[in-house]
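**Q** The listed protein sequences derive, respectively, from chains D and B. Our numbering applies: residue 35 is where the first sequence begins, and numbers increase by one. Our numbering applies: residue 7 is where the second sequence begins, and numbers increase by one.
Calculated directly from the structure, the hints in this document are not laboratory data. Computed from a prediction, not measured in an experiment: that's the story for all the values here. A portion of the hints provided could be inaccurate.
Straight line, CA to CA, 27 Å or less: simulated DSSO-like cross-link-like pairs of lysine-lysine [unchecked claim]:
(1) K457/D <-> K147/B
(2) K294/B <-> K457/D
(3) K460/D <-> K147/B
(4) K78/B <-> K470/D
(5) K379/D <-> K399/D
(6) K147/B <-> K511/D
(7) K546/B <-> K573/B
(8) K508/B <-> K474/B
(9) K78/B <-> K511/D
(10) K147/B <-> K476/D
(11) K81/B <-> K149/D
(12) K339/B <-> K251/D
(13) K555/B <-> K525/B
(14) K169/D <-> K215/D
(15) K294/B <-> K320/B
(16) K191/D <-> K219/D
(17) K470/D <-> K81/B
(18) K294/B <-> K251/D
(19) K294/B <-> K44/D
(20) K147/B <-> K470/D
(21) K470/D <-> K131/B
(22) K147/B <-> K149/D
(23) K147/B <-> K245/D
(24) K251/D <-> K147/B
(25) K81/B <-> K511/D
(26) K470/D <-> K130/B
Covered stretches of chain B, as calculated for chain D (at least 3 residues, CB under 8 Å) [said to hold, decoys possible]:
(27) 84–96
(28) 105–119
Idealized CB from N, CA, C, for every residue including glycine.
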Amino acid sequence: MSLINVANPKMRYLNAAEDLRENPGQWKAYNCEGNCVVLAGPGSGKTKTLTIKVARMLAEEVTVPRGIACLTYNSECVHELKRKLMNLGVQEDNNIFIGTVHSFCLQVILLPYGKLAGVALPYPFNVALPSEQKKNFEHALAETVSPEENPSPWRTKMEYYRRTYLDRDKPEWQTSPQIAKLIGKYEEGLRLSGLIDFEDMVLLGMHLVEKEPWIRKAVRARFPVLVVDEYQDLGIPLDRIVKSLCLNGGMRLFAVGDPDQSIYGFAGAKPELLRDLSNLPGIETIPLRFNYRCGSDIIQASQITLGEDRGYKFVGGYSGSLYFHQCPDGINDQASKICNIIIPKSIKRDGKRNFGDIAVLYMDKNDGDIIAKHASIAGIKFIRIDNGAPYRKTPLIHWLEDCASWCSSGWIKGVPSLDSIIKMWKRFNRSSFNDKEQHILKVNLVHFLFSHRSSSMPLFEWLSEMHSHCLGPTFSKETLMRDESNAFDKLLNASEKGSILEDFTVGSFAGQSGYKDHLNLITLHSAKGLEFEVVIMMGMDQGRIPSWRAKTSEEIKESRRLFYVGMTRAKKEVHFVYSGFTENQYGRRFMRGASDYVKELLELMEGS
Amino acid sequence: MRISRILIQNFRNFKNLDISLSDQSVIVGENKIGKSNLLFALRLILDPSLPDTARQLGFEDFWDGLSRPLSKEDKIIISIEISDFDDDDNLLSILADCLVNHDPMISRLSYVFQPISGLSDDPKKESDYEFLVYGGDSPEKVISYDTRNRMPLDVMPALRDAESDLFNWRYSPLRPLLDDSSSRISPDLLSSIASKISAANNGITEVVEIKSLAERITTKLEELVGSYQAFETKLGFTPADTEKLIRSLRLFIDNGKRGINEASLGSTNLLYIALRILELEQLVDQNKRNHTFLAIEEPEAHLHPHLQRLVFQKLLRSRTNQSEEPDECEHSKFTTLILTTHSPHIVSVSPIRSLIALRKTVEGNATEGVSTSNLELSENDIVDLERYIDVSRGEIVFARGILLVEGESELYILPAICKLLGKNLDELGITVCSVHGTNFAPYIKFLGSKGLDKPFAVLTDNDPQTGKISIGIQRLISLLPLFEPIEDLTNISTDEVKRLGKAHGLFLNDHTLEVDLFKCGQHKSICKTIIELSDNGAAKKRATVWNDKPDELDIDRFLKDIEEIGKGRFAQRFSSNISGVSYPNYILDAIDYVSNKCR
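Could you build all of it, start to finish, from the sequences and the hints given here?
**A** This is the structure we're talking about:
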C-alpha cells in the first residue's frame, strides 16, 4: 500500500490508518459513525486504534472552534495518550481536552458553570491535599464513629460508598446511616476550609450535567465527541455522566474498554456497566479479537481462566509457554528461586532477552519488598511500580520527567518538544495570564532548561534548582497546584542522600518508563496496560488470590479477572510460582494449597 | 447572535454609559459626542486587527471628569453582553465559558485597564497600568486573538478611501473573493484560457508598432545602464501564467466600458460595501470565522439619499422576517451591522428598536446614551412609528425637542408664531411633528424616558361636547398613565386633568386650533385669509362680517368654511398673514415648556 503524501502533519493519521485495514475489528472501529463501544481484549491494539480514530475525527468531522474530549483513568494514561496523539500530529489545543474524569469535571463543568448553576461551594475553592483529606477524615471518623477506630478500612469503605450511592435524596443513601453521616461530616469539614476533593469534583460534575440541560448544551457545543478509554475502570459516576451527555445530551460517544480487565471493584468500578452500555439500542459494539501480544497457548490458557470463549485469536506465529514452579518453603523461597533460577534460565532461552523484558507480578507492596530484597541480594537492578514507589506520578511529575528527558538528550532531537513543555508550564501557572508575567515565566523556564542540559547531574541537585528558579514562585502563587507541590516535595525527599533515589540522575529519572537492564517489579493492579516478554506471577497461593477476604461472588469474579490480567501481560512466557500455603504476619500458616486458578491451568496442561 | 448591552465606564467621553441593544444598531448623536470613541471601545474587545500595543491606553483615555492624579481605584471598564447565540453550536462553544446568565444564555466580554495588581502605592506613570480582556466573571478566562478572530469587529472608518483600497491589491476586498473562486476552477480550463491569452499577447506584441516600441524601450534602458544591468521589457495584456491569471481580473462598470477608477465616488463606495459584505460571507463559508460585527461610520458618505435608503433598508432589515429572499436571510445571519450616522435617510429606514442616541448628560461633562431597544410597543405601534419616521425622514430622531401636533395646520402655524415671537425653532433644535391624527401614545412612548428621552410637548384640540366630558379631556385621561400611575381615573376633576397634563407637557386648547386663534385676537388675519382663498361667495361674506364683529362667530359654519378651502392650504396662507402679538395660550405654554427643557 503506497504511502499518501502527508506534508500536513494533521494528515499523518491516513498513513497510520493503513495498518488498521488488515484487522477487521480495528478497521470497523476506524469507520464507525455514531455511538460506538469497542470491546478490546488484551494486546488488541486498542490504544493505536483509539488514537488514529481521534486524529481522524479531528481532521474530518469536527471543525474548529469545536473539539473532542478524551477521558481516561489516571494521569499515567493521560500522559501516554497525549504522547501517542502528538506522534500523529495532533497538538494539544484549545479544542482538545485530554484528561482524567475528575479533571474533566473540574475544568469543563465545575469551573465554568458551577457558580452560575448555584453550586454551594466557597469561591474560590482549593483542591484538598492528601494530608488535608486525611486530617478531615480522621476528624470526621472520630466524631461519628469513635476516635479509636483504624482509619484505613473506613476510608476505603467511605470512598466505595461515595462512588456507589450517588443520589443523596434517595433511600439507598441510608443503606448504612453511619457511613452516610461520616461522609456528611467529612465533606462539611472540607467545605469549611474552602476545599473539595477529587470525588467531589466528579460527583458535582455528574449532578450538574444531569440536572441542567443548558450545561449539557454548552459542553456539547464545545465537544461534539466524547472519547472514553478504559471504560471498565471508571465506575458509576462516569457512566452516568456519559449517559447524560451522550444519550441524553447529544454528544457522540466513542468508548473503549474490556470488562474482563476490570480489577478496581474496591474503588467502585463495575464491569457490567460497559457491557450494559454496549447492549443499549443505538450503540454499535465492535469487538477487537486479534491479540498481537500473547502466544497462542497463553491465549488459550487465559480463556480457560476466564471461563468464557471470547474468540480471541493470536496473530503472532508463536505459541508461548506456561511454567509452573512449586516452592515448598514459602514466599521467601519463591523470591529466591525467581531471582536465582527462573530469571537466569529465562534469559538464557533467548539471546536478545534482558532484565527489562521481564516482570515479576505480585499481590501487594509487602510481597514487593520481599522480591526487591532478593533481587538486591542477587545483584539485579530493578524498577518498582506499586504503592511502595517513592513518589506519586502526578501531571507535574510527568512534566518534570519530560523536562528531564529534554535536558538529558531530548534537546538534540527536539523530543519532547520545548513548545509542548512550555505550553504545559503555562497551564500550571493559570493565574498569570498577563502577557508580561507569561513572558517572564517562559524565559525563566527556558533559561533553566538550557543551562541544565546534563544527563549525569544528580536528580536532587537538578530538582532543587528547578524549584528555586521556577517551581518555587509557582507553588506559592497557584492555589490549584497545592497537590502538585506536595508530590514534588515527596520526589525531592526521595532523591536526597540517604533516600531511595539517591543514585538517580537526570538521565535515569527521564528514562523511568522502560529501562533495558532493570527488572520490573509490579503489583498485579498496576500491571494493567503493560506488556513484557516474560511474566513471573509470584505468590499464587489460595488465600492470596483469590484473597481469603473475597467472599461475595462479585469479589471472587474480580480476583479471577486480576489473575487473567496478570497472565495476559506476557508475550512469550508465563511463570506461576506458588508454595501451597500462606503465612500471616505472625508466622501462622494456612494450608489452602495453590490458587484455584493455577490448579485449573495445571489440569489443562495435564489433560493435553 | 447580537450584542445586547454595552457598558463603558471612565473611558474618554463616557463616565458611565449603559445601553441595551436590539438586533442591529444605528447610532446617532451630534458631532464630537463620542460615536467614534464608542466604536473604538468595541474594538478594544473585539478587533483582532488592533495590535495589543494599542490596547495599552494612556492617561488621556481616562474620562476627563476623574480628578487627577488618578487613584488606584480608577479603572477603565468596557463590557459587552452577547445574546441569542445558543442556537449556533460554533458560537456557543466559543462563548460558553463566558456565561454570566444561563436562562436566557448571556455571555459577557470585558476590557479593563487598571493599575497593575500588587502595586502598593497609587499609580504614577502609564507603565503602572495593564490591560486585560477576559470573559464572564473571571479575569483568568483570557480572550485572545483566537477568540476575536472567530467573531471579529470589522470597522469601515468614516474617512475611507474606497477608491484606493479597491485598487491596492493587498487591501482590496476583491482579492479574497477572486482567490477563492480561482481555487475552484479546474486547472485544465485555466490552462486553456491561459494559452488563449498567450496567443492574444503574441498577437499584439507582434504588431509592428508595438514591437518596435518595446525594442526602443529596451534599447533606451541599455543606453542608460549598459546591457549587463538593463532588463528586457515586453508589452502585453496580462501575464499568461495560470496562477496570475485570475488575479489580473479587473472590475468594470457601465457594460464593461469603464474601470472603477472612472467610477463616481458614490459608485465606488457602493462597490466597496458590496465587496466587503461578500468577503465576510465567504469567510464564514470557509469556516475562518463564525460571525462578523460590521461597523460602518457614516455609511451615507457619497451616496444619494435614495441609494442610502435602498441599500440600508435591505441591510438593516434582512435579518428579521422582513426580507423576502430566504438566501439573503441565511447569510445575513452571520453579520451584525453597527452604524454611526448623521443621515436622516438612513434613520428613516432603520427598525424602531435599532436606534441609539448619544447626548450630553445633565451635568454636561460626559456622554450618555439612550436606546429604543426595550420599548413596549405593539406590532401596530411599531408599524405606525416606522412609517412615520420613514416618511418624515427621521427628523424626530435628530431633533433636540419636539412639539407633537395633530395635523398639517399646526405644522405651518407654529413655526410662524415662533418666528414672530423671536424664537427660532432651528436654533433651538425643536421640530414640529404631526402625528396626522390623535394617536399620540406610541410617539409619547418613543420620546419618553424609556425611549429616546427627549423633551416634548403635545398640542391637542379640546373638542368640547355638550353634556359630556370633552374629547380632549378624555384623550388626556388616556395618555396620563403613560407618565405616572393615576389612582382613580373615574373620579378625577377636569381641572386636575388639565393641571397634570400641563405638568407632563400635554397642552389643551379651548375648542380647536382655528377657533382658539380666532378668539385670541387673530380674527382679522383669519378673515383676510378666508377672503383671499375661498371660492365660496357666502363664505367670503361671512368672513367680512366676522372681521368687524368677531362676537357673532358661528363656530360650526366657520369650521366648515375653512374645511372647504382645505385646512392645510388655509394654514399655509394664514401663516403669512399672522400679525399682532396675541396667540392662544396653550401654544405659548407648549413652546415655553419644550424650549426650557432643551439643553
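**Q** Compare the structure with each hint and give your call.
**A** Results for each hint:
1. K457/D <-> K147/B: Satisfied, since the Cα-Cα distance of roughly 16 Å is no more than 27 Å.
2. K294/B <-> K457/D: holds (24 Å)
3. K460/D <-> K147/B: Holds, because 14 Å separates the two Cα atoms, which is no more than 27 Å.
4. K78/B <-> K470/D: holds (20 Å)
5. K379/D <-> K399/D: holds (26 Å)
6. K147/B <-> K511/D: Holds: K147/B and K511/D sit about 17 Å apart, inside 27 Å.
7. K546/B <-> K573/B: It holds: about 16 Å lies between the C-alpha atoms, which stays within 27 Å.
8. K508/B <-> K474/B: holds (22 Å)
9. K78/B <-> K511/D: Cα-Cα ~23 Å, so holds.
10. K147/B <-> K476/D: With a Cα-Cα distance of about 19 Å, the restraint between K147/B and K476/D holds, given a limit of 27 Å.
11. K81/B <-> K149/D: holds (26 Å)
12. K339/B <-> K251/D: OK: K339/B and K251/D at ~21 Å, within 27 Å.
13. K555/B <-> K525/B: It holds: about 12 Å lies between the C-alpha atoms, which stays within 27 Å.
14. K169/D <-> K215/D: holds (17 Å)
15. K294/B <-> K320/B: holds (25 Å)
16. K191/D <-> K219/D: holds (15 Å)
17. K470/D <-> K81/B: holds (19 Å)
18. K294/B <-> K251/D: Given pair K294/B, K251/D holds - Cα atoms ~23 Å apart, limit 27 Å.
19. K294/B <-> K44/D: Measuring from Cα to Cα gives roughly 17 Å; hence the hint holds.
20. K147/B <-> K470/D: holds (16 Å)
21. K470/D <-> K131/B: holds (17 Å)
22. K147/B <-> K149/D: The hint holds at about 15 Å.
23. K147/B <-> K245/D: holds (25 Å)
24. K251/D <-> K147/B: OK: K251/D and K147/B at ~20 Å, within 27 Å.
25. K81/B <-> K511/D: This hinted pair holds, its Cα atoms lying about 24 Å apart.
26. K470/D <-> K130/B: The given pair, whose Cα atoms are some 19 Å apart, holds under the 27 Å limit.
27. 84–96: holds (count 3)
28. 105–119: Since three or more residues must qualify, the claim that chain D covers the region 105–119 of chain B holds, with 6 doing so at under 8 Å.
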